[in-house]
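Chemist: Residue-level listing of the chains:
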Amino acid sequence: MSSAPVLPAPGATTQGDEQLSSTVWRGAPRRPAAPHRRARHRARPQLASLGRNNWTARFGAFVLGTIWLCIVLFPIYYMVLASFRSQTQYLSANAWLPEDGLSISSWSTIFSSGTGLWHDFLNSVIYAAGTIVIVATLSLVAAFRIVQRGSRFSAVSFRLILFGLAVPIYAILIPLYVITLKLHIYDSLFGLILVTSASLIAVAVLLTVNYVRMIPNELYDAMAIDGAGEWKIFYRLVWPLARPVVGVVSIFAGLGAWNNFVLPLILTQSNSDTVLPLGLFKISTTASGYGVNVPVVMAGVVLSVLPLLFLYIALRRQFVRGIGGFALR
Amino acid sequence: MTASSAVLAGGPVTRPAVSRPVRQQRFRADIAGISPTLVLYGVFIVVPMLVALFISFTRWNVVGSLQWAGFANWSHFFSDPVAHHSLLVTLELAGLSWLIQTPLAMALGIFIAGTQRYRALYASLYLLPLLMSTAGLALMWQGVLEPTFGGLASLASSLHMSFLDQNYLGSTSITFFVIVALITWQFVPFHMLIYQAGRRAIPAELYDAAKVDGASIRQAFRHVTLPQLRYTIVTSSTLIIVGSLTYFDIIYILTLGGPGDTTRVLAMDMYNVGFMQTTFGYASVLAVILGLIGIIVAVGLVRMTGFGTMQSTQEGMF
Chain B
1 MSSAPVLPAP
11 GATTQGDEQL
21 SSTVWRGAPR
31 RPAAPHRRAR
41 HRARPQLASL
51 GRNNWTARFG
61 AFVLGTIWLC
71 IVLFPIYYMV
81 LASFRSQTQY
91 LSANAWLPED
101 GLSISSWSTI
111 FSSGTGLWHD
121 FLNSVIYAAG
131 TIVIVATLSL
141 VAAFRIVQRG
151 SRFSAVSFRL
161 ILFGLAVPIY
171 AILIPLYVIT
181 LKLHIYDSLF
191 GLILVTSASL
201 IAVAVLLTVN
211 YVRMIPNELY
221 DAMAIDGAGE
231 WKIFYRLVWP
241 LARPVVGVVS
251 IFAGLGAWNN
261 FVLPLILTQS
271 NSDTVLPLGL
281 FKISTTASGY
291 GVNVPVVMAG
301 VVLSVLPLLF
311 LYIALRRQFV
321 RGIGGFALR
Chain L
1 MTASSAVLAG
11 GPVTRPAVSR
21 PVRQQRFRAD
31 IAGISPTLVL
41 YGVFIVVPML
51 VALFISFTRW
61 NVVGSLQWAG
71 FANWSHFFSD
81 PVAHHSLLVT
91 LELAGLSWLI
101 QTPLAMALGI
111 FIAGTQRYRA
121 LYASLYLLPL
131 LMSTAGLALM
141 WQGVLEPTFG
151 GLASLASSLH
161 MSFLDQNYLG
171 STSITFFVIV
181 ALITWQFVPF
191 HMLIYQAGRR
201 AIPAELYDAA
211 KVDGASIRQA
221 FRHVTLPQLR
231 YTIVTSSTLI
241 IVGSLTYFDI
251 IYILTLGGPG
261 DTTRVLAMDM
271 YNVGFMQTTF
281 GYASVLAVIL
291 GLIGIIVAVG
301 LVRMTGFGTM
311 QSTQEGMF
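Chains as they are written, first to last, in this note's numbering: chain B, 1 to 329; chain L, 1 to 318.
Some hints could be false.
Claimed, not checked - Some chain L residues flagged as far from chain B (calculated, every beta-carbon gap over 12 Å): (1) Leu87; (2) Ser157; (3) Gly170; (4) Gly260; (5) Asp261.
Stated by the list, open to error - Facing chain L, a subset of chain B residues (Cβ under 7 Å, in silico): (6) Ala57; (7) Ala61; (8) Val133; (9) Tyr170; (10) Ala171; (11) Ile174; (12) Glu230; (13) Trp239; (14) Pro277; (15) Met298; (16) Ser304; (17) Leu306; (18) Ala314; (19) Leu315.
It should be emphasised that the hints constitute simulated quantities derived from the structure, not laboratory data. All residues carry an ideal CB built from backbone N, CA and C; glycine is no exception.
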């Protein structure tokens, strides 16, 4: 961990903003509603000044913070430890101490063909990748047109899309099931990708519009004067400048697909189209031998988190912003 | 929400008058750029909303033919004790979630807004639950809570703490609260992030002034932090309440609404009636009510406080 706080200071510019302002329009007017942003920036170094003399309060905060840390970590520790047990070890060993015998048999079970979990994992990769491609592409192109405000059509469309932010997915599960049946995309990854993309697109468009809006009109006008068409403006101006938000939207969409449970539950059926969370659930309800093979389930859950963990470590800032996208949902 | 879209779109900007061919070209580009999104959104979000409303006036089990039922399904809802109980459980879950998550998330958010290095490390670990899928999280806790070989049962026997030995997921008295606890474990990190951003947005001058006036830490919290966080509280509360109206995954995996009907929320009831009993007409009534509650609560809270405040709170976070 570096010394920097996990989140970017709210007032601080993001990496993307810095890149934009240093290469393209240093000093250009930025988005209007920002007086508080600067205030935050100044506020940070003095943040803790009030409690300087009161170390009892800080010690109390440390103790309570540590208690919550234990609450967060104890089930995760249990899960990781249990994943390194065989089923017989699981039934006999102490669940919390690592010394009572460990093995990687559960992990090798996952990667062998028996459970199908590895296949589910690959399905999840396709599912997430497809959703990312659709959501990121469509939202960027749409945001470009919405920000340009070339016609009434874009304004009306944007309002309609914003309305979708308020619709809970559970209210439309039954029609989604019926519609995918009628369109013959029920029980296919393709249909799953389309429906999931639709459920995420409103937030993605809003995030992208908010970012693309920051590109100043002067740049569009300059390109238009040079005779560039709309396609060229998109390809040479919007796409290069909007890359940071495309990254954030991709993480948002990828998480939305990778961790989705209810849409795969409703829209797929056969084993060949099962994605990882659903596959794990299926295994957890299938008893064999000594009952449900808990260590294999635990290993599967760890497996499902690992890719996200690596992403989180590598791209912490974008990742937190991608998670933040769910606030708009 | 419509009132705010002018704000969202960046406010009025005067553009130079353009000739007719250019305008036509822009219109064509708009169609080409936006219609893929609109089609996807229309087919899988807008049309399903209308279809849900339509099916709620029919009798249908997908396989057989569709029969018009008039208001029969709707009047059934008003005399259905099962649905009423589900509605009650849903509201209890939302209320209790709000009551527990709000103070916890606020305290943790203020904690990780501090500048000490160890707090940054803690914060990055606090976020781990956000990486897990709800299904994965539920299965992990199933392992911990399993009554014979699970983590807590094992702890109970080795430490001789028999109060830990409970039937966590099969008890009519405590399972509801276990579900609330798991939901708290899952969602507090998220709201903690919102409160962290809110706390960092408070100007230090306010605390300096409080200090000059001789305020204690408690007084500073009461008279500076709490009032300054009011929009943050509204944003987070809205998200907690709207989100908890649609809890489904955890309950589906861990209890299926049981034991008895103690954890059967409206979404679970809808799933039972629709996908288990294949009475899609009545299930659609429940779905429409679920959607209406969500939309009314979301729009109501947003109207009350203005979308702009919510927007700025979230900008602080991103």
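Chemist: State for each hint whether it applies.
Modeler: Structure-based check of each hint:
1. The Cβ of Leu87/L sits about 14 Å from the closest Cβ of chain B, beyond the 12 Å cut-off, so the non-interface label holds.
2. A beta-carbon of chain B comes within 12 Å of the beta-carbon of Ser157/L; the shortest separation is about 9 Å.
3. At roughly 15 Å from the closest C-beta of chain B, the C-beta of Gly170/L stays outside 12 Å, upholding its exclusion from the interface.
4. Against the 12 Å criterion, Gly260/L stays outside the reach of chain B, whose nearest CB is about 20 Å from its own CB.
5. Residue placement check: Asp261/L keeps its beta carbon more than 12 Å from all beta carbons of chain B (closest about 18 Å).
6. Here the hint on Ala57/B is kept, as its CB sits about 5 Å from the closest CB of chain L, short of 7 Å.
7. About 6 Å separates the beta-carbon of Ala61/B from the nearest beta-carbon of chain L, less than 7 Å, and the hint is met.
8. Evaluation of the Val133/B hint against chain L yields a violated restraint, the C-beta minimum of about 12 Å exceeding 7 Å.
9. Taking 7 Å as the C-beta cut-off, the interface hint given for Tyr170/B holds, the closest approach to chain L being about 5 Å.
10. Taken as an interface hint, Ala171/B checks out: its beta carbon lies about 3 Å from the nearest beta carbon of chain L, inside 7 Å.
11. Restraint check, Ile174/B versus chain L: the minimum CB separation of about 5 Å is within 7 Å; hint holds.
12. The interface hint given for Glu230/B holds, since its Cβ lies 4 Å from the closest Cβ of chain L, which is under the 7 Å cut-off.
13. The interface hint given for Trp239/B is broken, as the beta carbon of that residue sits about 13 Å from the closest beta carbon of chain L, more than 7 Å.
14. The restraint placing Pro277/B at the interface with chain L holds, with a minimum CB-CB distance near 4 Å, inside the 7 Å limit.
15. Hint on Met298/B holds. Least Cβ distance to chain L is approximately 6 Å, under the 7 Å limit.
16. With its C-beta approaching chain L no nearer than about 5 Å, Ser304/B sits inside the 7 Å limit, and its interface hint holds.
17. A cut of 7 Å between beta carbons decides the hint on Leu306/B: the least distance to chain L is about 10 Å, and the hint is violated.
18. With a least beta-carbon distance of about 13 Å to chain L, the hint placing Ala314/B at the interface is violated under the 7 Å criterion.
19. At about 12 Å, the closest approach between the beta carbon of Leu315/B and any beta carbon in chain L exceeds 7 Å, and the interface hint on this residue is violated.
Hints 2, 8, 13, 17, 18, 19 from the earlier list are contradicted by this structure; the remaining hints agree with it.
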